[in-house]
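Could you slot chain B onto chain A? The hints should help.
Number of protein chains: 2
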Amino acid sequence: MKIRNAETVEAKQVEMEGAEDVTMRMLIGPDDKAPTFNMRLFEVAPGGYTPRHTHDWEHEVYVLAGKGVVLENGQDKPIIAGNCIYVPPNEDHQFRNTGGENLKFLCLVPKT
Amino acid sequence: MKIRNAETVEAKQVEMEGAEDVTMRMLIGPDDKAPTFNMRLFEVAPGGYTPRHTHDWEHEVYVLAGKGVVLENGQDKPIIAGNCIYVPPNEDHQFRNTGGENLKFLCLVPKT
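Just so you know, the sequences run in chain order A and B.
Just so we're aligned, residue 109 is where the first sequence starts under our numbering, counting upward by one.
Just so we're aligned, residue 109 is where the second sequence starts under our numbering, counting upward by one.
Since the list gives no way to pick out one identical chain from another, each pair is judged satisfied if it fits inside one copy or across any two copies.
In silico lysine-lysine, BS3-like type, Cα no more than 25 angstroms apart, as pairs:
1) K141 x K120
2) K212 x K110
3) K185 x K110
4) K175 x K185
Bear in mind the hints are in silico, worked out from the structure with no lab data behind them.
Owing to the predicted nature of the structure, the values given are computational and were not obtained by experimental measurement.
Bound conformation, chain A alone (with noise of 0.2 angstroms):
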């Protein structure tokens, strides 16, 4: 078992093409020897986006902290802390950070 702090896991800029002001943090993964999936903690400063694009695999996503927008179908959905937001295979999407405080959240991967 690991039990960590997710504050002290190291934020690592994202440097994906399409990305600004984004961190990511690997706080279950391919360190863990992790089977199935990996857990990101994401955060985005105000004005910040990830990438918008597309992929063959599934998102799943939890906001901790802040407001924002997600892209789905061309048109900005608003999300907040509590918001679950099921991202299915192949389909176009881009969160972006319009509050004022970091957008936080978490974001599920399978393992590649």
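Just chain B, lined up with the frame of chain A:
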């Protein structure tokens, strides 16, 4: 894409033997045809606990609110909001609420 307020998802009492004062909300799961893993939200009332048990799949846990302990190798380890916990397959575990408010945590598991 599905966007939900977690609090609006039905909370079902966990009837499993060895559980006391625990509810579960299936936030993302079979109804969404989630292909790899399921996101559940548990709430354990003060004094309550999940079953002490072992199984051949992993848990990936994130504590949202409250405080408690998780049993690891026969010892109670403290957990609080902001902790993430990886329980590998085949490891004995039990979550207990030792605080005065509900212990709320996400617990994700592979799809069965």
